[in-house]
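K.L.:
Please build the complete structure, drawing on both the sequences and the hints.
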Amino acid sequence: MPEGYTYQMLQSDTQQLKSTYPFLEIGSIGYTVLGRPIPYIRIGSGEKEVFYNGAFHANEWITTPILMRFIEDYAAQYALNGRLGEYSARELYNAVSLFIVPMVNPDGVDLVTGGLQPVDNPYKNAQEIAKSFPDIPFPSGWKANIEGVDLNLQFPAGWQEAKQIKYSQGFTKPAPRDFVGDGPLVARESLAVYNFTLIHNFRLVIAFHTQGQEIYWKFLNYNPPFAEFIGQQFSRVSGYELADVPYQSGFAGYKDWFIQNYNRPGFTIEAGIGENPLPIEQFSEIYRDVFGILLLGLIL
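For the sequence shown, my numbering gives the first residue as 119, with consecutive numbering after it.
No incorrect hints appear here.
Simulated crosslink set (BS3-like; lysine-lysine; CA at most 30 Å straight-line): (1) LYS242 with LYS291; (2) LYS249 with LYS291; (3) LYS166 with LYS136.
Quick list of simulated restraints, FRET-style, between CB atoms: (4) GLY200 with ILE254: 40 to 50 Å; (5) GLN366 with ILE317: 24 to 34 Å; (6) GLN350 with THR138: 30 to 40 Å.
By construction, these hints were calculated from the structure, which means they are not laboratory data. Source: prediction; values computed, not measured. Glycine included, each C-beta is placed from N, C-alpha and C at the ideal position.
P.N.:
The structure is reproduced here in structure tokens:
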């Protein structure tokens with residue numbers, strides 16, 4: 119029995135959404151280590167492009183159903199000519215193209231949620247990796263992709279600094295978390311997100327993680343126009359704190375690279391509070407808290 123939201127559930131829900139709301143565009147940004155497509159969903163036809171993603175980290179899988187719920191709510195209001203919050207869903211749709219990759223790390227997520235079974239070879243291989251890190255619970259402490267590379271430490275934005283920090287912490291080889299890989303963009307899933315970003319013109323990106331109820335908006339001394347203001351609005355509608363990234367986690371992330379490369383607003387939202395993986399019982403509260411962020415990301 120799955121213990122969370124699996125890749126199969128994502129595929130099933132994606133197809134259900136497409137059949138209910140044929141105006142949604144469904145595609146793939148690339149493939150995982152195990153050869154599975156990483157789906158994206160597009161809603162909207164506007165010139166302005168915005169990008170949200172979730173589940174870079176395996177045990178942060180609750181971010182996937184959060185994003186799927188938003189797509190469903192948005193699509194339903196568009197179909198009804200209704201409102202999303204205080205905004206006309208039709209006007210938003212015509213003004214903005216929203217791209218969502220709900221699950222960046224399907225293989226890792228399935229390891230944590232029960233989509234992979236202990237008899238499966240990928241599960242066994244991950245178990246071998248985990249044996250070198252007995253202090254990290256298995257599989258619940260697993261954040262990496264199925265090969266033991268942390269997908270959010272793979273981007274060419276201070277990657278060497280990230281390597282230095284994580285190596286000093288003992289993560290010098292494939293691990294359940296915090297291994298930066300043998301170089302930037304060597305992990306298929308990170309490379310897929312990178313390439314997907316390059317072929318678009320995203321004005322703003324948000325990576326949803328858990329946990330801590332914080333919003334990270336900076337990378338080093340980069341200060342993209344309006345980024346702090348947008349972060350303040352996100353904080354206002356969510357009750358989350360606009361915070362500086364801890365130095366130990368401050369390099370080689372997706373939003374770091376986006377800010378460095380484009381000088382445009384990029385955010386990491388640390389949703390919910392507690393110990394990962396957060397229980398599904400927190401779903402409603404998290405969705406209520408981040409709904410305003412999901413909506414304002416289209417407006418601001």
